[in-house]
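Undergrad: Between the sequences and the hints, there should be enough to build the whole structure, so can you do that?
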Amino acid sequence: MKPAHQTMLLNVMLLAGVMGLFVTSLMWGETRIMFSHALADLLAGRHTAGAIIVERLRLPRTLLAILVGGTLGLSGAVLQGYLRNPLADPGILGVSGGAALGAVSVFYTGLMQVSIAALPLGGLTGALCAAAVLMGLVGRGGTLVLLLAGAALSSFAAALTTLVLNLVPSPYASFEIMHWLMGSLTDRTFTHVWICLPGVVCGTLLMLSSGRALDALTLGEDVAASLGFQLHGPRGVQTRIVLGAALAVGSCVAVSGAIGFVGLVVPHLLRPLVGFQPSRLLLPSFLGGSLLLLLADMVVRLVAVGPELQLGVLTALVGAPVFFARVIMLKRTVS
Amino acid sequence: MILLQAREVSLRRGDRAVVSAASLTLAKGRVIGLIGPNGAGKSTFMRLLTGLETPDRGDVRLLDRDMGQIPLVLRARQLAFIPQDGAPPPPMPVRALVALGRLPHGQAGDHAIRHAAVDHALDVTGLQDLCARPASHLSGGERARMNLARALATDTPVILADEPIAALDPAHALSMMHLFRQQAGQGKGIVVVLHDLVLATRFCDELVLMDDGAIIRHGPATQVLDDDIMRTVYGVTVRRVAGAVLPWSLCR
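One line per chain: the protein sequences are A and B, in this order.
Here the working numbering is used: the first residue of the first sequence is 1260, the next is one more, and so on.
Here the working numbering is used: the first residue of the second sequence is 728, the next is one more, and so on.
In short, the hints are calculated from the structure, not lab data.
The reader is advised that the hints may include incorrect statements.
Claimed, not checked - FRET-style restraints, in silico, Cβ to Cβ:
#1 A:V1404 <-> B:P815: 20 to 30 Å
#2 B:R739 <-> A:A1411: 42 to 52 Å
#3 A:S1374 <-> B:R739: 17 to 27 Å
#4 A:V1404 <-> B:G970: 50 to 60 Å
Unchecked claim - Covered by chain A, per the in silico footprint, the following chain B stretches (three or more residues, Cβ under 8 Å):
#5 815-822
#6 825-836
What you are looking at is a predicted structure, and each value in this text was computed from that prediction instead of being measured.
C-beta: ideal position from N, C-alpha, C; glycine also.
TA: Take a look at the structure:
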């Protein structure tokens, strides 16, 4: 089968999976409803309990799972391609840390009592500030400067977040902050969707525009430049990738908290299926990330015993064994 | 017809002049060998010729246009570059990597993979049999041929190669030099950085000898290389030994 057909088939299968889980996610939940009736009521504008549950609880949560999972998967694929490092993940830029710090500051200052939008807006502000600092630090520097700047920013944001946790007067607030940092889509509304959507759309478009440059970069920066790609500067590939990933990931972390391993694991699993070509990996990684997070969120909702398992905890619990398996496979291949 | 011309180009890094007033003219159908000891400034001069770096002084002209004024994509359609230490290739099939040479022409994916120029490049470099193999499984010699095939797939009038035979055994090095000569015979202009003076003498129309950032001599091999230059530039003495397996040897 031709590589393009193979990738198309993979995309179709992943899309079918996402659509199937989208519908399943709307149908299933803690409260049992007649989905067909709820959908009919929703479409007819009748405010029945089923329609309200689907519209206000399950639909925004499901849409966020698609957006957040997709963004994390795509960002992971783009950053791994750009840095030519399979261990790169969206957290490497430090923007997730900035978003977490922004959100934690909202907890600390009590601003979240003012509006439901205060927390995600705080996270978004933190992410945008971190992205601005990152872009300023990196300038026309190359990938090494980007990695160092991201590590510095990430460490500094983590230190400040710990400081806030240290200074917070109430143990309940500490618990809330810790809970939020674990990542979750519980109790998210359309307000959260609207807050993260612009950043996700702009960031995704910027990242998707870099596919051919990522292919060229597999041959090294000098060859990519000699093939006609402007790597640095305001309109360069690095700016598009860093800005795109920062906008999209920052917007997602602002509404969902930190959800690890999706950006790392999904491109890893899909890369052999697209012939290792970075440009072919982008769309499958978005769909694969969506699929994984939808699945994880449904597991969190449906297998809940006692306090609901946080989404970030589950993705880490699933993601880490996948890496263990990869290590064992790699050792077998080498031997 | 002049394809590429560097006129008195200079580049400083801090207080150090890395390239000093270097000039070079590459005509159609010619192979120029850029030679000199390590640290002579060959690779930096090559980057200036490629447009990867901009000279502090002087200018580089590609097909009679100032290099800095040519849009990057148009430049990529006229000049292909094979760097000194290419990044280790990913496990992509060889054909897919060679097809990346079509990117400057706006061709990607299956359209590029099926392009006649890619097939031609694979034929010329003898890689057709390996085209489905993951590039990460290639030997050093095969990788060197793949890099050349990628450059040929772009189908540019100028090819610049920085030490393309550095890691190759004599048979593969000879084969690569034959390929460069063959491409020049078809009208391309080639500048190649070499350390193997025997191959440089045999396959290049002209040698450009650099030392300490400056061009010391240029012209046919017979005018550039002599015992005196080997001693002063390379720091070795040429000793001709009658009856030995090789009729000469180099010693310090």
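Undergrad: A separate judgement is required for each hint: does it hold in the structure or not?
TA: These are the hints, each one checked on the structure:
Between A:V1404 and B:P815 the beta carbons are some 22 Å apart, a value that agrees with the proposed interval 20 to 30 Å. The hint said 42 to 52 Å for the Cβ distance between B:R739 and A:A1411, and at roughly 30 Å that hint is violated. The hint said 17 to 27 Å for the Cβ distance between A:S1374 and B:R739, and at roughly 57 Å that hint is violated. A hinted range of 50 to 60 Å holds for the C-beta pair A:V1404 and B:G970, which are about 59 Å apart.
Coverage of the stretch 815-822 of chain B by chain A holds [criterion: at least 3 residues with CB-CB distance below 8 Å; count 5]. Check result for the stretch 825-836 of chain B against chain A: holds, 6 residues qualifying (beta carbon to beta carbon below 8 Å, three or more required).
In terms of the numbered hints stated before, the structure departs from hints 2 and 3, listed from lowest to highest.
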